[in-house]
Amino acid sequence: MKALMLFKQFCWLMLASLSLLLSYTSTVYADGVVVDKVYHPYVLPNEREVEWRLLSHKESENNNLAQRFAYGQSLTDTIMLELYLVGERDINDDFSLSSYELEARWMLTEQGEYWADWGLLFEIEKVQRQKNWEVTSGVLVEKEFGRASLTFNAFIIYEWGKTIVSEFETEFRLQYRYRYLEQLQPAIELYSGQNYLGIGPAFMGIQRFDGQKQLKWDVGFITGLDRRSKGHVLRVAIEYEF
Amino acid sequence: MIKDVPKYCNLFLLMSLFFLCSPTVEAKRPEYHLALKKHLFYPAQIIIPANKKVKLVILNYDNSVEEFDSFDLNREKVIFPKQKSIIFIGPLPVGEYHFFGEYHPNSARGKVIVVEINNTQAVSHDALSSKQGGLDVN
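So the sequence lines, in the order shown, correspond to chains H and G.
Residue 380 is where the first sequence starts when you use the numbering used here, and the numbers rise one by one after that.
Residue 270 is where the second sequence starts when you use the numbering used here, and the numbers rise one by one after that.
It cannot be assumed that every hint is accurate.
[What the hints assert, rightly or not] DSS-like cross-link-like pairs, simulated, lysine-lysine; straight-line CA separation at most 27 Å:
(1) H/522 x G/353
(2) G/346 x H/416
(3) G/351 x H/595
(4) G/346 x H/595
(5) G/321 x H/592
(6) H/592 x H/437
[Stated by the list, open to error] Which stretches of chain H does chain G cover? Using the computed rule of at least three CB atoms under 8 Å from a CB of chain G, they are:
(7) 563-576
(8) 600-611
Calculated directly from the structure, the hints in this document are not laboratory data.
Even glycine gets a Cβ: it sits at the ideal position worked out from N, Cα and C.
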């Protein structure tokens, strides 16, 4: 039984890795940062949250810095809507609002009902100054193996605007998480897309308070695997649900 | 100018379709019932077979909302007043898995006990049922 489970886990990892590799070897060129957050396909009714995310990409001496502030609320038992304000630090070290986005997550299947849990993600983003747009739709899949969970995100992105070439892109994200303790869950994450392939450790956890109130934290350190994906990305996310 | 969708997108879509179709429809899942009354779970412990996916039906008799929560089971589910919720758990190895109500964590507590059922022994769901009550098999 355990051998079968391990075999299934292995097959799943292989398929997901194949997708990541295919995305990496594509000829679509990069316009943005691939490393972000691995989404889980779950939504809870009555859920409201505020979120802060930080992304620091260090290629040489300087680093690119982006921060996101978000408010999210579940609209129904299965749909959650989140509004983001994204701020970036420019080459003059000035930090300002760069874009805003609206994101919807849709839980398709009940957790644990089928072989894997499924969800969808839709997102629209407008870059403030350049008047560029980006529309994303993606599939979120999670498979549980005892105390471990494997989460796979696949996105198709279409972007257009004044300063970018209109094009389709794809991104893949993979996370293997071990639920060691509620407050400490180590993971390995893999990101691919836009000529980027990166891997690294991540740690996340939850601290519960009264009722639905809880604080989620999430830190990852992703390293590019070759010269096209050079540098390191530090990502931090803190989410307060109430 | 819009570029063509890359070829590997087709592969991705096919793969997604494969995964979407792959969930095995498990026709007969053992069904277990839990009731929430005055912020207490009845029964407070449920015995289920190891390595088998089961369906847990929770009926909230209270007038307030509750959230079933379990880190051990990796489940969170909101149960609205006077309504029932369904939670799928397992397949799980032998052990004890604790759960609680997020809004009343001191009173609304319980555990799922997973036991090995040897096929050669005459242990049936009825046998488990007599130990805990309220067990149905579809």
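For a quick check of understanding: which of the numbered hints are violated here, in increasing order?
Hints 3, 5, 6, 7 and 8 contradicted; others consistent.
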